[in-house]
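Line by line, the protein sequences are chains A and B.
Read in the working numbering, the first sequence has 164 at position 164, and its numbers run on one by one without any break.
Read in the working numbering, the second sequence has 1209 at position 209, and its numbers run on one by one without any break.
For the record, the hints were derived by calculation from the structure and aren't laboratory data.
Do not rely on the hints blindly, as some may be mistaken.
[Stated by the list, open to error] In silico contact screen, one side only, chain B against chain A (beta carbon under 8 Å); selected entries:
#  : residue
1  : 1080
2  : 1124
3  : 1129
4  : 1133
5  : 1139
6  : 1140
7  : 1143
8  : 1198
9  : 1236
10 : 1243
11 : 1256
12 : 1257
13 : 1258
14 : 1259
15 : 1260
[Unchecked claim] Pair by pair, the computed Cβ-Cβ distance ranges are:
#  : chain 1 : residue 1 : chain 2 : residue 2 : range
16 : B       : 1303      : A       : 162       : 37 to 45 Å
17 : B       : 1292      : A       : 341       : 43 to 51 Å
18 : A       : 134       : B       : 1262      : 39 to 47 Å
19 : B       : 1317      : A       : 155       : 30 to 38 Å
20 : B       : 1197      : A       : 155       : 21 to 29 Å
21 : B       : 1135      : A       : 362       : 16 to 24 Å
22 : A       : 272       : B       : 1270      : 47 to 55 Å
23 : A       : 135       : B       : 1135      : 56 to 64 Å
24 : A       : 162       : B       : 1197      : 27 to 35 Å
25 : B       : 1272      : A       : 119       : 48 to 56 Å
26 : B       : 1345      : A       : 135       : 38 to 46 Å
27 : B       : 1274      : A       : 377       : 55 to 63 Å
28 : A       : 340       : B       : 1257      : 22 to 30 Å
Please read these numbers as outputs of a predicted model, since none were measured by experiment.
Here a beta-carbon is modelled for each residue, glycine too, at the ideal position from N, C-alpha and C.
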Amino acid sequence: MSETNGFSLEVVDLGGASAPAGRSMPPAAAEPAGGEFLPVEDRLTAVRHRPHEEGRALLARFAEEARRLLSDRVGLDDRRAEELARRWSRRLGRSSAALPADVRQTLAQYADPNVWRGMGYVLAYLARAQAQAARRRAEGRYELDDFGLDMAFLNAVLPLGKYLYRYYWRVETTGLEHVPKEGPALLVSNHSGVLPFDGAMIAVATLTEMQPPRLARTLVADWFPTLPFLSILLQRTGQVQASPLNALRLLRQGELVVVFPEGYKGVGKLYRDRYQLARFGRGGFIRIAVAAGVPIVPVAVVGAEEIYPMIGRSHLLARLFGFPYFPITPTFPWLGPLGVIPLPTKWSIDFGAPIHIEQAGQRAAANPVVVNRLAEQVRSAIQQMLLDRLARRRSVFLG
Amino acid sequence: MSALPSRTLLITGVSGQWGRLLAQRLLGEPSVRLLGIDRRPPDPPLEGLDFIKADVRNPLLPELLAAEGVDTVVHLATVERQWRREADFENNVLGTMQLVGACAEAGVARVVLRSTTALYGARPDNPMYLPEDWPLKATPTYGYLRDALEIEQWLQEFRQEYPELHVAVVRLAHVLGPSLVTPLSRLLTQPVVPCLLGFDPLLQVISDEDAVEALAHAALSYLDGPLNAAAPGAVSLVQAASIAARPLLPVVHWPFLQSLPLLSATRAGRRALSWFPVEPVYLRFPCTADIARLGDVLGWRPQHSAVQAVERFVAAQRTARFRQSPEAQRFADDGLDQALRQRRRRAQTVMDIPVAGLEGDRP
């Protein structure tokens, strides 16, 4: 035991200076014995205050570790292993001496086998966790909520949504304080962009920028459940078929519900009609808000209207494929799948002050005139928010 | 005896899988006299059941109901088959009509029918969890669903004319359990589970125990009109197949669904469709029912959740082949049960005085 200690102190040659070393100072003095993990902060202060001691001790540990590996694992005889370990550690010390002090410190840390061991533990843990998750999924041991939301699936696809949100469309979100931190609310937004990316981005906004995170559940048109794969994707991420029954059930569960009253007329809007709100359906969202007694939060999404500049619609192809509309853009369908890539415009999502219509009463909500008036109120609020944002926007792609 | 008013229940189709389970459940109920009719006697016989051999379409049925003082009839004598046959149609649709008519004529207070939530239809514009008053929009091709739809549509007219006869319709979700063979249980016990590529709808299921319990509660309560019965929660098709450890066989939906009318018209096509015991459209869109009324009206909630029902079913399937037959069956050839029954009947005829002319119909 003392033999190895003596030998490892001998080889330390850090910083070029001849460091007198002796048996009187075992490396255990500089490094806690037993090879426990020192927190990074402590390790840094240790290095800063006693760079030579620390470096020497680490080189000694490296040599010791190398010797053990060479003799136990590689199967070299003791003499040869000792010789090799000594040579390697001397070389490491010399080469590190030529480096600047901070790099040397970093390297000294990486020379610590405990760092690598720790990394190994972390990687092994991650691999094990992933394997267990995959196994649970293969055995059907996962939970879906009443509408098919799968939180594990949502967490798995969220990075893609975050990427689009932060780096692709660089979404700027304001007014999230108007969204209740808990309890139900009906978010009413303008709709555009051929594919419903705006709903996805609103959901990413409430998931990533709210504290605590909330999942906004979009009501999607009847066409989307008929599409393979997209139907599963929408359902597993908590999107729900648009109907008063579903909306009321969700609101009574205290969820945030996003509704696009423009429907197909909005999402299939022509480029020249951008930022002009289409008719707000039949005002069903007003009746839902009154029936559930929840506030309406107007939402204005700017930028989504330009991701696919739709210059025309083909009624013939729409009929043929059973689509509600068939978009013709400068790139689609001419470039095939490439035409589906949306343009990287700069987005903003503004949440407006809540509009409280819940005290209107069931009787008023049954009257089309009152419903129309309330719907118009919400519509003009969103239109105004859109215009405010557009007035400040200098460029479609740079914001 | 308890203070509950004594009731006389009659179960039709008592020898079938459903009738047998419900009879076993209701035989344990105090102050209930249980009668059962079917075309064949229950095998093995049910202890305590007053079995009468009769078809539901028998014109003498009103007489029997009146003579026995039956106050509740539970109709379970329907046959479920994938493709409609004339005999099944006559038994299911005409038989149910005849039976309900007989009940109205004999002054029976209540009829309980078993139906299915599939009648709401699997459609892309379906909200989740449809209430009982939701219109029945199914457009079925399979026989058992066509029969069930026809019965319910007829019943809506009938109930307007005869409001005094309470007809409770228990609409069950996919029933899963070791003791019953149902479309979904057949789908999940196939070597592969066919599904539609890119679709994974939520399925609503109910365990066999809960389904029988719902029927029993409906029979013993004063329920009128339709009632959805399903386990709380839902399970997706892929999840159910994963729990059952069955590989999925995805089928591209468009050509398959387009050729469905052609397939169902040919013999080879029907053989291929036997891999789809559940109608393909139910593997594409959701068809789920709201169970709020179940708790409100019956004051009872299913014991197993949707996932638990699937797990229970799968566990029973896995252990089915290892389970030993009951001890009594080893001595079935002795015929001791027959002898016992004969002796019991002899003892009864000495004690009882025959009350109705129908006494002789009993086996």
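Taking the earlier hints as the rules, which of them does this structure contradict?
1, 4, 5, 6, 7, 11, 12, 13, 14, 15, 23 and 26
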